[in-house]
Every structure is written in structure tokens, then in C-alpha cells.
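A.B. asks: The chain contents come next:
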Amino acid sequence: MISAFIHKFSSPKSYVRLTEKLYPFFIVLGVSLLTLGWIWGLLFAPQDAVQGNSYRIIFLHVPSVIFAELIYFFMAICALMHLVWRVKLAAYLIKAAAPIGAMITFLGLFSGSIWGIPTWGTWWQWDARITSTLILFIMYLGVITLHGSFSNLIKADRLMSILVIIGVINIPIIKKSVDWWSTLHQPASISISGGSSIDPSMLYPLLISIIGLGFTLISLGILSSRSYIFTREKNKKWIAEHV
Amino acid sequence: MVRLIKSEIFKLLKKLKSWLGPLLIMILVLIAFPLSIDISQFDLDKFYFSIIVVSILMTSFVATEGMFEEDFEDGSLEQEFLLEKDFYKLALAKIFVFVFLIGIPLALIGAIFSFANGVAFNSFAKVFLILSLSNLLLFNVFAFGNALSINKGAMLGVLSSLPLALPVIILLGSSIRTIQYGDGFISIIALMIGIGLLMSALMPLIISAALKTHID
Amino acid sequence: MKLLSAQNITHSINDAKLFHNLSFDINSAEALHIRGGNGSGKSTLLRIILGITTPSKGLVELIKPDLKISYLGHKNAVKSYLTPLENLELLFHDAELKHAFKWLDQFGLTNVQDELTANLSFGQQKKLALIRVMAQSSELIVLDEPFVGLDQATADQLKNFLAKKLSEGVGLILTSHIDPMIECIELDLGV
Amino acid sequence: MFDLAFSNLHEILDMNGHGIYVWSVYALGISMIVISFSIAKKRIAGIQKKIKINNASS
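Protein chains in written order, with the numbering used here: chain S, 6 to 248; chain X, -6 to 209; chain W, -9 to 181; chain Z, 94 to 151.
The shape of chain S in the complex, shown without the other chains (with noise of 0.2 Å):
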């Protein structure tokens, strides 16, 4: 019953037929609130107390950062779906979301250490957020990898859900051991996204800009889906209407 329920809605022919329709708003929505939420926090958000103007970094990094997780746990909930209901769909999706998912935590990671040069005066500190941050990266780089190693792609497919589910179990393991770690071992330092409470004139362009990055980055990862879904099922003929 679900499983038909599932392969009714998750047909590579209605994801792109769909998707094909929402496309154009998602990139308006996500191109337009990024533009707004970046102009409103690199130009009229104030500048912050103690760290100056370094902080406007936040309104990229602290999205990126945000999504370098998201992506992850979506492409588990997908890998999921392959490996319980074989939906081919999800591990196309796995396959077009991992590089995204790379390149927004390689960003995280650089704004990150770019923001630590004038606030630690040094561009890479063993914190426990950014060696998480790091060990995410790698986690991204080995689907990719992986994925890559195969000529039988319905093998790679499974073997990359195999990887991404046990990644996802290893997510919360990392952060709890490398906070551990980190508190035995430095004492605690700034912490990079700003104290407690927020002020609403940076709190508003910061929300604004993550909303932004996250449709601008659904409609990134439609437009490679697509590709990918056209490369893998090229020889079908529903894919005819498309091109």
C-alpha cells in the first residue's frame, strides 16, 4: 500500500514534470530574498559591538552552514526510500544533492575561516563546530565519491545509500565526541555566531538570507536532478516531451 502509494508520486516523470512548473518561482523567490537579505545585512545592519563589520560575514555563513546539514539529512531520509522502497527517484536525488551539498560546506567552512582571521587572528581554530564542519565535508566528498567508483549504477546507487545512512547515524556521534573533546581541551572560545540574544535589525536580514539561500539552492538542485534524471533515463520515452 505505501510502497504503491510512494512509486505513484515518486516517478522520475512526475518529479520532473512537477518541478518543471515550480521552477521558475523557487529561483525568483530564492534570487530575490538572497539579494534582499544581503543587501540588508552587508549595507544597513548595524555594525556589531565587538566585532566590527567582520560579523556581516554571518549572513552567508551561518545559512551555509545550516544547509551543509539540511542537505545531509535530506539526502538520508532519500537514501532511506531507496533502500526500503527501491525509489530510483531518491537516489537520483542523493546523487544531484551531494556536490551541493560539498560546495555549501566547503563555504561554510571558508567564511568560517575567513571570519577567524580578524576575530581569532588565525584562519583555522581546532573549535568544535569546524572540525564537525570539516568532518561533514569529507562525509560529502566520499558519497561523491563512491557514487563515482561504479560503471553498474544501480549498484553505486545502493552502495551510496548504504554510506549516507550510516553518515547520518555518525552525525550526532561527531558532534557529541568533538564537543567532548573540545571542552577538555581549550578554554571556550569566542563564540563565532554572536552571544545570546540577537538584535532584531541583524536577526531579520539573517532569516530573510537563509530562506533565500534555501530556495536559491532547491532551485539549483531541481536544475541538477533534472540533468541527472535526463542522463539516466535517456532511452525512455516520456523523456521525448522535454527536450
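Hints in this document: simulated from the structure, not taken from any laboratory. Predicted model only: the values in this text are computed from it and were never measured. Where a beta carbon is used, it is the ideal one built from N, C-alpha and C, also for glycine. Don't take each hint at face value.
Computed footprint of chain W on chain X; a stretch qualifies when at least three of its residues, placed anywhere within it, have a C-beta under 8 Å from a C-beta of chain W [unchecked claim]:
| hint | segment |
| --- | --- |
| 1 | -4 to 4 |
| 2 | 63 to 69 |
Derived EDC-like pairs: lysine to aspartate or glutamate, alpha-carbon spacing no greater than 16 Å straight-line [what the hints assert, rightly or not]:
| hint | chain 1 | residue 1 | chain 2 | residue 2 |
| --- | --- | --- | --- | --- |
| 3 | Z | 145 | S | 238 |
| 4 | S | 241 | W | 5 |
| 5 | W | 65 | X | 62 |
| 6 | S | 239 | W | 5 |
| 7 | Z | 145 | S | 246 |
| 8 | X | 8 | X | 62 |
| 9 | S | 242 | W | 5 |
| 10 | X | 7 | W | 104 |
| 11 | W | 7 | S | 238 |
| 12 | W | 65 | X | 209 |
| 13 | Z | 143 | S | 246 |
| 14 | Z | 143 | S | 238 |
| 15 | W | 58 | X | 73 |
| 16 | W | 54 | W | 15 |
| 17 | Z | 143 | W | 5 |
| 18 | W | 154 | W | 129 |
| 19 | W | 65 | W | 135 |
| 20 | W | 65 | X | 66 |
| 21 | Z | 142 | S | 246 |
| 22 | X | 7 | W | 76 |
We have chain S; now place chains X, W and Z onto it with these hints.
C.D. replies: Just chains X, W and Z now, with coordinates in the frame of chain S:
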């Protein structure tokens, strides 16, 4: 199960390279390290442990590198599948044998060297126990990495299993600190045993699924 | 007695379709000869029958779930760093081991039984691998190109063995591009 | 809340000396996103062309 354990022991002992190689690498690293630094300037006891930890990580990766590859390449996995219908027992037996024949000797070497570098005599058993347990965890993790990447090279193995190995290394590091500074040893050992049992039971399931996909 | 039945097997790897809607039964005391050109999917079909490979569509049903199958594919499943003797000791025990030693003798491998298998010739390794099938007692024998690399005498021995097993009621499935000279049901996969 | 935090273009670029960090991060971020969009679009166009040729020939 007994059949599998027996034949795995037999095969591993016949492959001297895979069996003794990791042990020799471990010894080599532990000897080479003090020679490569200026001992008069550094207080070796303070960080010799971390060298042991890193060598344990490296050698256990090297030791498990060919774990399933040989059986995959020569067709033994298919024969095993026809007998058992899955690879749970095979994975369990292999990890068990590898831990006993390579993991525990590695732990012993590590403990002996730490003893020679300023650890009190009465902590010898503690160090040995901790290193053995962490090897149990590491061998499970790397067996998984090897089962995923089988004949696709070490890079894929590292990328897929390193994120799993790092928490183990952190755990190992902090448990060694409990020996150095006294308290919390029992609780950390209990934690490691718990994780070890859980992993030893679950990892073979995942490995079995990965191997099944490989021969498909 | 029916051993297994394959229903509407379709299989493709990536975009290449190997075969479409194959259905057949395998009975005891019957031999099935799968023919076809290179790349027609003979070996894959064998692996589907064995349950190793899952077909894209269709179903292979074992009538008896714990059917004892012996199989030799194009991988020999012998350990090259062990001697033939050690290889057999790893596989067999007691009565089966004695049986295996008998075949070692019949195949003329006793004079190399203590050398490393890696140093044996291709044909000798193949013979050693065949002993796995011959010493096992099973209800279904599945062989992938068993005659490749065998000299005439060994091929005859193998044929006699298979004929004897067939008369004892064992089922047989084999792929071969040369005529196996056994009474077979033919299944042609085409080019 | 909606007042410009800077009074002239130079201040915007300089950001009290932090401009180099802030702007380089945003430059990399924007270019990475734009490049990945263009790669995805190119790929789609490429595969669509291939499918067309395939369909025409068959």
C-alpha cells in the same frame, strides 16, 4: 561459525604479509618517532601517547585494507553466499579473527612502548585494555569501509570510513587522559565495551548488505 | 521433480538490455544448456538463477528453499597462496574430503599438491576448482563454461561425471560455447 | 534600522579594515552559486541535444 573462524585464522596466518606487516609498521613508527625529534627539548612522555594513537589508526587501516577484496576477486564470496545466503557470519568471523590476530598484538605493542616511555608500571594493563577495545571499534569501522570500497582503492576506503574512525580516536584520546590524570577510567571502559558490543553486532549486518550489493 | 522455476526474467545493466521475459523450469535429472554469444548474458543468467544477482524484473523460485547447489563460475574461488591440499582441507571435511582427494588423484594433481596454487597452470587451477563441485553432494550443479582450459581427457572425465550425476537425479545447468555432448534442453540467448 | 551603516562607497568597501574578509567571502559564495547554476544548465542542454539526436536516428 566455527568453520568460518577456523578458516579465517588459517588463511590469515598463511598470509604473513597481511598479518605481520601492520605489526612491523607499528613498531617502526614507534621507534622512528623519538629518533626524529630533539629529545632534549621535548618532553616525550607528554605526547608519546598521541603517536601511539595515530599509529594505531594507521596500522589498523592498513591491516583491514584487503579484508574482503581477496574473497571478492577470487569468487569465494559467491560460494559463501550460496552456503549462507548472507555475509553476516563471514563479516563477524573476519572481524573477530582480525582483532585477535592483529588488533590485540597491536595493542600489546602500543602498551609496551608506552611503558618504555614513562608510563607507570601499574597502568600497563589499563593501556593495553584501552588500546585493545579501541582496536575492536576501529577494525569494525574499517571493515565497513573496506566492504564498501572493496576493489576501488584506498582513497574511497579512507573517505568513507575516516568520519567514523575520528570519534573512536577522540574516545581513545580521552580514555588515555583518564589514565594519566586518574579518575573516570571505569566509566570510560564501560562506555567502550558498550559501543564495542553494539558495533560488533550491527556492523556485520551493514557489511553484509554492502557485500551483497557488490556481488550483485 | 521440479527444482526451480524462472518466471519472466528480464535483466538490464545500465542501459543495455541483456534478456527479456525468459521463463523456464529446471527439473531433477535434467540438463539445461544455455547458449549465446559473448556478452549475451549467459553468466548473468546463471547468477540470477543462483540468486546472487537480482533480476530487473521477474522471479526465480526455488521449490525447495534449502536446495543444495554447487557452482563454479569463471572465478575459481581457490586461494592462490595456499597449496591444492590446503585449499581442499579448507573446503571439505571427513567423507567429502576423502572424495576430494580421490578426484585430486584422478585429475593427476597429486604430484603438485604441495605447491602453491599460484604456481599451477591455468588448466590445473581449473581442475582444482572443479573438485569443489565434484566432491560436494548437491541437488543442482551450475557450471559456467566448465570445459574452457581443460584437456581432452579431463573434459571426458567431467562429461562422465556429469552424466553419472544426471542419472542419479541431480539437476544440471551449464553454459558452454562447445557442445557438451550430454543430452540437454537448449536455451538460446541469441547473439 | 533601515539607515545605511556606511556614509560613502569607500567605507562600504573598506568596512573599517574588515572589507577584504567580508567581500572575498561573498565574492566566492556568489561566484560558486552562479557557476554551479551555469554548469547545471549546460549539462541539461547537452543531454537534451543527445536525446534529440538519439530520437531522430531511431
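A.B. asks: Take the hints in turn and mark each one as holding or not.
C.D. replies: Tested hints:
no. : hint           : result
1   : -4 to 4        : holds (count 3)
2   : 63 to 69       : holds (count 5)
3   : Z:145 to S:238 : holds, 13 Å
4   : S:241 to W:5   : holds, 10 Å
5   : W:65 to X:62   : holds, 14 Å
6   : S:239 to W:5   : holds, 9 Å
7   : Z:145 to S:246 : holds, 10 Å
8   : X:8 to X:62    : holds, 14 Å
9   : S:242 to W:5   : holds, 14 Å
10  : X:7 to W:104   : holds, 14 Å
11  : W:7 to S:238   : holds, 14 Å
12  : W:65 to X:209  : holds, 15 Å
13  : Z:143 to S:246 : holds, 14 Å
14  : Z:143 to S:238 : holds, 12 Å
15  : W:58 to X:73   : holds, 13 Å
16  : W:54 to W:15   : holds, 13 Å
17  : Z:143 to W:5   : holds, 15 Å
18  : W:154 to W:129 : holds, 13 Å
19  : W:65 to W:135  : holds, 11 Å
20  : W:65 to X:66   : holds, 8 Å
21  : Z:142 to S:246 : holds, 13 Å
22  : X:7 to W:76    : holds, 10 Å
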